[in-house]
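For this one, chain A is given, so just place chain B on it according to the hints.
Protein sequences, first through last, are from chains A and B. Just so you know, the working numbering puts 331 at position 331 of the first sequence, and the rest follows in order with no gaps. If you want the working numbering, it's the position in the second sequence, counting the first as 1, plus 1000.
Please note that the accuracy of each hint is not assured.
Example chain A residues on the side facing chain B (calculated, C-beta under 7 Å, incomplete) [said to hold, decoys possible]:
1. G57
2. Y349
3. E531
4. I535
Since the hints were made in silico from the structure, they are not lab data. Only a predicted model underlies this, so the values are computations on that prediction, with no experimental measurement involved. Quick reminder that beta carbons are idealized off the backbone N, C-alpha and C, glycines included.
Read off the chains here:
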Amino acid sequence: MVMQAQRPTVPGETLSGIPLKVVYRPEDVAGLDYGRDLGDPGAYPFTRGIHADMYRGRLWTMRQFAGFGTAEDANRRFHYLLQMGQTGLSVAFDMPTLMGYDSDHPRALGEVGREGVAIDSLADMEILLEGIPLDQVTTSMTINAPANVLLAMYVAVADRRGIPRERIGGTTQTDMLKEFIAQKEWIVPPRASMKLIQDMLVFGARELPRWNIISISGYHMREAGATAVQELAFTLADGIAYVQAGIDAGLEVDDFAPRLSFFFDCHVDFFEEIAKFRAARRMWARIMRERFGARNPRSWWLRFHTQTAGVSLTAQQPLNNVARVALQALAAVLGGTQSLHTNSMDETYALPTEEAVTVALRTQQIIAYESGAAAVADPLGGAYFVEALTTEVERQAWEYIRRIDDLGGMVAAVEAGFPQREIAEAAYRYQQQLERQKKVIVGVNAFAQAEERPIEILRIPPEVERRQVERTRQVRARRDQGRVRAALARLQEVAQAGGNTMYAIVDAVKAEATLGEICDVLRRVYGEYREMAVI
Amino acid sequence: MGNRKIRILIAKPGLDGHDRGVKVVARALRDAGFEVIYTGLHQTPEMIVNSAIQEDVDAIGLSILSGAHNTLFPRILKLLRQRGAPDIVVFAGGIIPEEDVAPLKQAGIAEIFTPGTSLQAIVDWVRQHVSPRGVKA
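For reference, chain A alone in the conformation it holds in the complex (with noise of 0.2 Å):
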C-alpha cells in the first residue's frame, strides 16, 4: 500500500491549532516589555530561564525511565544506564504496583514486570537499590497512587544502610489529580488522596529536604490527548491545588514550594513547545509570587523534567523515531529543561532494548556536547515568532485556569470530569484531523511504505510473574506476623483519626507489610475510586 498519490501541505497552524502567520515583524511583540515579561536568564518571571547561566553552570540530568521485570531485572539496567553515563535514576512501575495490588493478586494477572518493575515489598526494593549510592544518585520515581508506600520503601533502604534521610534525594511523581485526569491508576477518591499527599508534603518538608514531593506532571494528559495549552493550563492548575493543600496543612509556602518540580511532555511542533515550556516558567513565577505570595525566589522557579512524546512515535518506519526524539529533545533543551527523558525508538511497541535506550541516551549527548544548543541560556529568546507564541499559549491558559477557579479549583473540576472531558474531545478532534491529512504523520497517513522491516524488541518471559508471586509470598511467610499486624492496625488507626500516616506506613514497611496490605488499609479507611466512564 504505497500512498504516495497527493503530497500534503504544510499546515498553517500548530499542533494545538493556534494560527500561525507566515512572518512575525517587531509589531507583534510590541507589547511586551523586556524587564516585566522576560528579564534575563535567573530573574523573575524567570523565562528565559531559572539560572543566569543555565547549562554552562549544569547541564540538564540525563535521566532514562528503566524499568521491567523483577527488581533484579531492573537494577540491571540501573547500573547498565549509570555506567553509559546516565546521571540520575528513574523507575517505572509495573501496572499492579502503580494500583497498590501485590503481584499474586487477581487483578495483577499477566500483568506483573510488563509494562515497569513489580516492587511488593521492601526486600524488593533493596534488591531494586542494590549497589546505587543512595546519597549520590538522585532517583526519580513514577509512582502516584501508592507514592507514600514506595517513599516509604526508599527511606527504609536509606535508614537500614545507615544513610542519613537528609542526605537522600530523588522524587516521588504523587500527582493523584494528573491521575484521575489521564493516566487513570488510582486507590482512594480525590479528597482522600490529596490528604494523603498533604502528609507526605509535612513529612518531606520534616524529614526529607532533598527530596522532591510532587512532580506535578503534564505528560499523562498531553499522551491522553491534550493540547499543549491544555497541558499548559492542567498542570499549572494542579499545581495551584498542590500549593494551596499545603498551605491547608499548615505549612508555610516557602517551606514546601522550592521543592516542587514538573513534568512537562515535547510534543513534534518544535516551536509550540518552546513558547510553552517558557510560557510556563512566567506564569508559575506570578502564580506563586503574586497568589500565594511566596518570598524565597526558589518558591517561584518552575524547574521540569521533560519527556519526549511516546504517543508521537509510530509503529511504522520506526528509525524515523529517531528523528523525531532528536527534535523534540531539542526543544526541550531550547524550552530550558532541567532533566530530560527521549523516548527510545521502538517503544510504540514494548519497553526499550538496550541498544535503542542507547541511542536515544546517545541523542542527548549529542545534543549537550556537539550542537552547541546548551552554550547560550535561551537563545531564541527575543525571536519574534517565538515570543508572540509564548505570549499566545500564555493567554489561552490563563482562560482555562480562569474557569477552573469559577469551578471552585482543581479538586472539584476534576470531580466534575471538566478537564477529563477538554482532553477526550481533542483527541479526538486530532485523530479526525489525521483521518483528513490535515495534520501529516510521515510513515503512517503519508509516505507510506508497503514493506516494512520488523525491529527487535524486548519481550518480558513469563516467568517474571511466577517468580515474582514467589518471592512475595516467601516474604509473607518469613516475616514476624504480630509486627505486621500490629503495623497495618496502627495504620488503620491514624488513617481513621485523621492523623499524618507517613509515619505509620514507614513502620509498617520495615515490618515487611507489603504494598497491596498497606494500600488494602487504605482502601478500607477512604473507599475505592470508582470513574464513571463517559466516552
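Quick look at chain B alone, frame taken from chain A:
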C-alpha cells in the same frame, strides 16, 4: 430483528489506564451508527464477559496497551465459550507486536488493529464482519 442496530461492547481489560485510543474508537463507532457500550477502565475478563452477556452485544472490541494481551485475550475467549456465547465477535486493538497477532487470531480474535490504523478502517471492518447475532449476514 433484522435491522436492529449492531451492539458493541468496548472494553479495556487489565490495569493500564491508557484510554485515549479506546475512547476515540468508541466515539467513532457510535458516530458511524452502532450502539456502543463502554465498560470503563480496569476490567477483568470476568467483568467484560458478564457485561457482554448482560448487554446482549454482537461484538466486543478490546483495547490493551500493557502487554498483557497474551494472558487476558485468550481468557476472555474461553469465558465466552464457557458461558455459551462463542458467537460474539471479538476484535482488538492496541500495542500488540506483529508476532503475537497470528497466535491471537488462531485463538479466536477476529481482527487485531495495530497503531496507525484509521478509524474508517475499523468502522468498515465492523460493517463487513459483524451482524446482529442470530441473523445471517
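Hint check results:
1. A least Cβ separation of about 38 Å between G57(A) and chain B goes past the 7 Å threshold, and the interface hint is therefore violated.
2. The criterion of a C-beta within 7 Å of any C-beta in chain B is met by Y349(A), whose closest approach is roughly 5 Å, and the hint holds.
3. Annotation: interface hint on E531(A) holds; nearest CB of chain B at approximately 6 Å, less than 7 Å.
4. Interface restraint check: I535(A) against chain B, minimum CB-CB distance 4 Å, threshold 7 Å, status holds.
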